[in-house]
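Protein sequence lines correspond, in order, to chains P and X.
Going by full-length UniProt numbering, the first sequence opens with residue 1, and the numbers climb by one from there.
Going by full-length UniProt numbering, the second sequence opens with residue 1, and the numbers climb by one from there.
Please keep in mind that the hints were generated in silico from the structure rather than gathered at the bench.
Do not take every clue at face value.
Copies of one chain are not kept apart here, so a pair can be met inside one copy or by any two copies together.
[To be verified] Below, a list of computed lysine to any residue pairs in the SDA-like style, where the Cα atoms sit at most 20 Å apart: (1) Lys162 x Ala30; (2) Lys162 x Ala175; (3) Lys162 x Gln126; (4) Lys162 x Pro127; (5) Lys162 x Thr137; (6) Lys162 x Asp58; (7) Lys162 x Pro143; (8) Lys162 x Arg142; (9) Lys162 x Thr135; (10) Lys162 x Leu141; (11) Lys162 x His83; (12) Lys162 x Ser172.
Nothing here was measured: the structure is a model prediction, and the numbers come from that model.
Chain by chain, the residues run as shown.
There are 2 protein chains.
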Amino acid sequence: MTGEFEPLTQSVRRLIDVTIRSEVGNAVAAEAKAHIDRAVELLSADLMPGSYGMRTADDGRPTVLGNVLIGARNPVAPPLVIHHEPQGSVYTEFELGAAYEGPAGHVHGGVCAMILDHVLAAPAHQPGQPAVTGTLTVRYLRPTRLGQLRAEARVDRVDGAKTYVVGHIADSDGATVEASGVFIRPRRR
Amino acid sequence: MTGEFEPLTQSVRRLIDVTIRSEVGNAVAAEAKAHIDRAVELLSADLMPGSYGMRTADDGRPTVLGNVLIGARNPVAPPLVIHHEPQGSVYTEFELGAAYEGPAGHVHGGVCAMILDHVLAAPAHQPGQPAVTGTLTVRYLRPTRLGQLRAEARVDRVDGAKTYVVGHIADSDGATVEASGVFIRPRRR
Numbered sequence: 001m002t003g004e005f006e007p008l009t010q011s012v013r014r015l016i017d018v019t020i021r022s023e024v025g026n027a028v029a030a031e032a033k034a035h036i037d038r039a040v041e042l043l044s045a046d047l048m049p050g051s052y053g054m055r056t057a058d059d060g061r062p063t064v065l066g067n068v069l070i071g072a073r074n075p076v077a078p079p080l081v082i083h084h085e086p087q088g089s090v091y092t093e094f095e096l097g098a099a100y101e102g103p104a105g106h107v108h109g110g111v112c113a114m115i116l117d118h119v120l121a122a123p124a125h126q127p128g129q130p131a132v133t134g135t136l137t138v139r140y141l142r143p144t145r146l147g148q149l150r151a152e153a154r155v156d157r158v159d160g161a162k163t164y165v166v167g168h169i170a171d172s173d174g175a176t177v178e179a180s181g182v183f184i185r186p187r188r189r
Numbered sequence: 001m002t003g004e005f006e007p008l009t010q011s012v013r014r015l016i017d018v019t020i021r022s023e024v025g026n027a028v029a030a031e032a033k034a035h036i037d038r039a040v041e042l043l044s045a046d047l048m049p050g051s052y053g054m055r056t057a058d059d060g061r062p063t064v065l066g067n068v069l070i071g072a073r074n075p076v077a078p079p080l081v082i083h084h085e086p087q088g089s090v091y092t093e094f095e096l097g098a099a100y101e102g103p104a105g106h107v108h109g110g111v112c113a114m115i116l117d118h119v120l121a122a123p124a125h126q127p128g129q130p131a132v133t134g135t136l137t138v139r140y141l142r143p144t145r146l147g148q149l150r151a152e153a154r155v156d157r158v159d160g161a162k163t164y165v166v167g168h169i170a171d172s173d174g175a176t177v178e179a180s181g182v183f184i185r186p187r188r189r
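Here chain P stands alone, though its shape is the one from the complex (with noise of 0.2 Å):
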């Protein structure tokens, strides 16, 4: 029941870019937005109340296609795939276009901080028992262009409840943006 969302949330994805990076007429414009009010009335005939928090899918698992870096569901998203490597590092390939623009031509630093908060807490998290960002500390190095990008975290050493864990966002010369993050897990009861 989740699935036939996807290939809609792709072309709002592309709406969103087009949306900034038009320079058609207005009377255009106002076509175009004529149809996206048309497509806003069809998908609210139906609403879920709230945001989509966590839901759970047919197979039992519990899915957030509505988080706003991995979701599926949501057009803001890039979206992340986060994968995890044996050692228990993560890592993520994406592009950045001009929908998460700061500087001209350039990602926004707030995008990278943005990112680098996700995929640091991935290898912070253990099944069954997530950890909690504590403090998440970005060094801008340079600046980061829109396009491919990749990013990554480990688990620099583990303290009690605290794991502090090091990443980077990399272009093809190397690392942009740098962090470091301490994620603390809720004690069992």
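Got chain P; can you put chain X on it based on the hints?
Frame of chain P; chain X shown alone:
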């Protein structure tokens, strides 16, 4: 030549929200997708190459309408409106809905970091002399519920080329996330 795209962008923001929250059946979702694809086609008839960047408005002032946080033409942007107070501090009041979700019902911690990156940079900038972010440290005090929020920032101290800024995001019960940042003003040549 840019104002006509703002109502269109608002429509796309509504579309992002209902794309996440809709529970309509396959046939209606497909009909909505057809309208979205038609809008994409119309807007793509004339596209600027690359991203929006910084463009000059009719009155000669630079505009950053594509910015992921403040861009009036970027549907991903809430958009933030940054208010500068006479003493140099800044604040912004905004609402975050389903599109910015991380943990169920709550703002993604990375979104908080992204917003704080932008808001803390604001008081560090001087007219004609923008500062670049060196380091941003974010401390998560408690979960931030989706809904109406406020962020603020002020310069803590200036030491040579470095400007130290502090700030936070708050809901109606007080601060949920605190941040400090070091911003570097490139030397004048």
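Status of the hints after comparison with the structure:
Neither within a single protomer nor between protomers do Lys162 and Ala30 lie at most 20 Å apart by alpha-carbon distance, with minima of 53 Å and 47 Å respectively. In this homomeric assembly, Lys162 and Ala175 never come within 20 Å of each other (Cα to Cα): the closest approach is 26 Å inside a single copy and 23 Å across copies. When the C-alpha separation of Lys162 and Gln126 is checked against a cutoff of 20 Å, the pair qualifies only within one copy, where the shortest distance is 13 Å, while the shortest distance between copies is 39 Å. Proximity of Lys162 and Pro127 under a CA criterion of 20 Å is satisfied intra-copy only: 16 Å inside one chain copy versus 42 Å between copies.
Within a single copy, Lys162 and Thr137 get their C-alpha atoms as close as 15 Å, and across copies as close as 17 Å, so both meet the 20 Å cut-off. For the identical chains of this complex, Lys162 and Asp58 are neighbours neither inside a copy (35 Å) nor across copies (54 Å), given an alpha-carbon limit of 20 Å. Taking the shortest Cα distances, Lys162 and Pro143 sit within 20 Å of each other only across copies (18 Å), while inside one copy they are farther apart (31 Å). Within a single copy, Lys162 and Arg142 get their C-alpha atoms only as close as 30 Å, which misses the 20 Å cut-off; across copies the closest is 16 Å, which meets it.
Taking CA atoms no more than 20 Å apart as the test, Lys162 paired with Thr135 passes inside one copy only; the shortest distance there is 11 Å, against 22 Å between copies. For the identical chains of this complex, Lys162 and Leu141 are inter-copy neighbours only, at 15 Å across copies versus 26 Å inside a copy, given an alpha-carbon limit of 20 Å. For a Cα distance limit of 20 Å, the shortest separation of Lys162 from His83 qualifies neither inside one copy, at 23 Å, nor across copies, at 37 Å. In this homomeric assembly, Lys162 and Ser172 never come within 20 Å of each other (Cα to Cα): the closest approach is 33 Å inside a single copy and 29 Å across copies.
In summary, the structure is inconsistent with hints 1, 2, 6, 11 and 12 from the numbered list given earlier, while agreeing with the others.
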